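First to last, the protein sequences are chains G and E. Residue numbers for the first sequence, in full-length UniProt numbering: 1 to 60. Residue numbers for the second sequence, in full-length UniProt numbering: 1 to 205.
Do not take every clue at face value.
Claimed, not checked - Derived lysine-lysine pairs resembling BS3-like cross-links, with alpha carbons at most 25 angstroms apart:
hint	chain 1	residue 1	chain 2	residue 2
1	E	Lys-164	G	Lys-39
2	G	Lys-46	E	Lys-97
3	E	Lys-204	E	Lys-164
4	E	Lys-103	E	Lys-119
5	G	Lys-47	E	Lys-164
6	E	Lys-73	G	Lys-45
7	E	Lys-140	E	Lys-164
8	G	Lys-47	E	Lys-73
9	G	Lys-55	G	Lys-3
10	E	Lys-159	E	Lys-178
11	E	Lys-73	G	Lys-46
12	G	Lys-47	E	Lys-88
13	G	Lys-4	G	Lys-39
As the list claims (entries may be wrong) - Computed Cβ-Cβ distance ranges for the label pairs, DEER-style:
hint	chain 1	residue 1	chain 2	residue 2	range
14	G	Lys-46	E	Gln-192	19 to 29 angstroms
15	G	Lys-39	E	Glu-185	15 to 25 angstroms
16	G	Gly-21	E	Lys-161	42 to 52 angstroms
17	G	Met-37	E	Glu-182	29 to 39 angstroms
To be verified - Some residues of chain G that are not near chain E, with every Cβ distance over 12 angstroms (derived):
hint	residue
18	Ser-7
19	Gly-21
20	Lys-46
Since the hints were made in silico from the structure, they are not lab data. Just so we're clear, the structure is a prediction, and the values are computed from it rather than from any experiment. Note that CB positions come from ideal geometry on N, CA and C, so glycine has one too.
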Amino acid sequence: MAKKAKSRTISVRLISMAMTGYFRTMIRPRVHRPLSMLKYDPVVKKKVLFLEATKGGKAR
Amino acid sequence: MSAATTTPSLLSKLPPRLLNFFARYPPQVYSSAVTPRPEVPESAQPAVEAAEELPSPYTPDRDAKGHQRPDPKAFSSSRALLQHADPKRPNPFLPVKNFRTGKWLSPRFGLRQQADLVKLAIRYNVEELLPLGPKSTEYKETRRSERGLAVKGTGIGQKVKGHKWERTMEARLEDRRKAMVEMPEMIRAWKQRGHGRGWKKWPKR
């Protein structure tokens with residue numbers, strides 16, 4: 001029996017690099033490179049770098 | 001003790017509730033000033049060195065929490081305060097045991113009335129004219145000195161455990177502060193490497 005097809009997009013978690021525990025969830029194509037962007041962190045009340053959290057810490 | 005009897009001006013100042021009480025229970029007989037104090041036996045000296053052996057509340061052994069129930073038969077000076085000095089004139093603030101029937105008779109004044117009377121007496125500075133009771137300052141002080149501030153964690157060698165967020169708060173704030181100090185440099189490096197194209201250190205989930 002064939003396996004179920006993987007979806008084209010995945011939801012990823014972007015973690016604030018200010019170490020506040022704040023994160024945003026986004027949807028990106030599975031084949032895209034990991035997301036990273038400057039976004040507002042309400043805990044430190046500043047724009048900080050958000051990086052995608054990878055499962056197992058491995059990134060392409 | 002004889003403040004009320006020697007100064008008629010004070011008598012006229014006292015509220016009728018106290019005056020009625022003193023008329024019924026004259027201070028010469030009933031007041032705490034004339035009540036004999038119990039003698040502390042030699043064996044009942046407080047054990048001070050026991051406080052050193054108290055384990056901290058972090059000990060995994062549940063039985064070794066440092067909380068020991070006091071021996072109910074041990075001498076207690078606060079309990080000894082509340083004894084009837086003269087069985088023929090029972091203290092109206094204490095319950096009386098009828099030894100023939102074995103039944104207890106409630107105190108003449110309930111705790112609420114006692115508290116009212118004591119507060120009133122304190123306001124007019126005549127508390128020592130009232131009989132000793134569970135609401136009197138002397139009893140409360142003796143009991144406090146005996147039992148300490150019965151608040152967990154405030155004893156010698158004890159700590160308040162607190163919530164986890166309280167215990168880890170300092171370390172987390174320090175992490176955050178360090179991260180914010182390095183943030184401009186991090187953003188600069190991120191922009192330099194093509195906004196994440198050459199980024200190697202991705203955080204773990």
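Comparing the hints with the structure gives:
Between Lys-164 of chain E and Lys-39 of chain G the CA atoms are separated by roughly 29 angstroms; this puts the pair beyond 25 angstroms, and the hint is violated. Restraint check: the Cα-Cα separation between Lys-46 of chain G and Lys-97 of chain E comes to about 73 angstroms, which exceeds 25 angstroms; the hinted pair is violated. Taking the CA atoms of Lys-204 of chain E and Lys-164 of chain E, the gap is near 23 angstroms; set against the 25 angstroms cutoff, the hint holds. Restraint check: the Cα-Cα separation between Lys-103 of chain E and Lys-119 of chain E comes to about 30 angstroms, which exceeds 25 angstroms; the hinted pair is violated.
The hinted pair formed by Lys-47 of chain G and Lys-164 of chain E fails the criterion: a straight-line CA distance of about 29 angstroms is larger than 25 angstroms. Under the criterion of a C-alpha separation no larger than 25 angstroms, the hint pairing Lys-73 of chain E with Lys-45 of chain G is inconsistent with the structure, at around 62 angstroms. Between Lys-140 of chain E and Lys-164 of chain E the CA atoms are separated by roughly 36 angstroms; this puts the pair beyond 25 angstroms, and the hint is violated. Simply put, Lys-47 of chain G and Lys-73 of chain E have alpha-carbon atoms about 68 angstroms apart, too far for the 25 angstroms limit, and the pair is violated.
Among the hinted pairs, Lys-55 of chain G with Lys-3 of chain G is consistent with the structure: their alpha-carbon atoms are about 22 angstroms apart, no more than 25 angstroms. For the hint linking Lys-159 of chain E to Lys-178 of chain E, the alpha-carbon distance of about 29 angstroms lies beyond 25 angstroms, and the restraint is violated. Pair hint Lys-73 of chain E plus Lys-46 of chain G does not hold up; C-alpha atoms about 65 angstroms apart against a cutoff of 25 angstroms. Among the hinted pairs, Lys-47 of chain G with Lys-88 of chain E is inconsistent with the structure: their alpha-carbon atoms are about 83 angstroms apart, more than 25 angstroms.
In summary, the hint linking Lys-4 of chain G to Lys-39 of chain G is not supported, as the alpha carbons are separated by about 35 angstroms, beyond the 25 angstroms threshold. Restraint check, Lys-46 of chain G to Gln-192 of chain E: a C-beta distance of roughly 20 angstroms satisfies the suggested window 19 to 29 angstroms. Separation of Lys-39 of chain G from Glu-185 of chain E is about 18 angstroms and conforms to the stated range, judged on CB atoms against 15 to 25 angstroms. Between Gly-21 of chain G and Lys-161 of chain E the beta carbon distance is about 23 angstroms. The supplied range of 42 to 52 angstroms is therefore violated.
The supplied range of 29 to 39 angstroms is broken by Met-37 of chain G and Glu-182 of chain E, whose beta-carbon atoms lie about 18 angstroms from each other. The beta carbon of Ser-7 of chain G sits about 19 angstroms from the closest Cβ of chain E, which is more than 12 angstroms, so the claim that it is off the interface holds. Not every beta carbon of chain E lies more than 12 angstroms from that of Gly-21 of chain G, the smallest distance being close to 8 angstroms; the non-interface claim is violated. Against the 12 angstroms criterion, Lys-46 of chain G falls within the reach of chain E, whose nearest CB is about 8 angstroms from its own CB.
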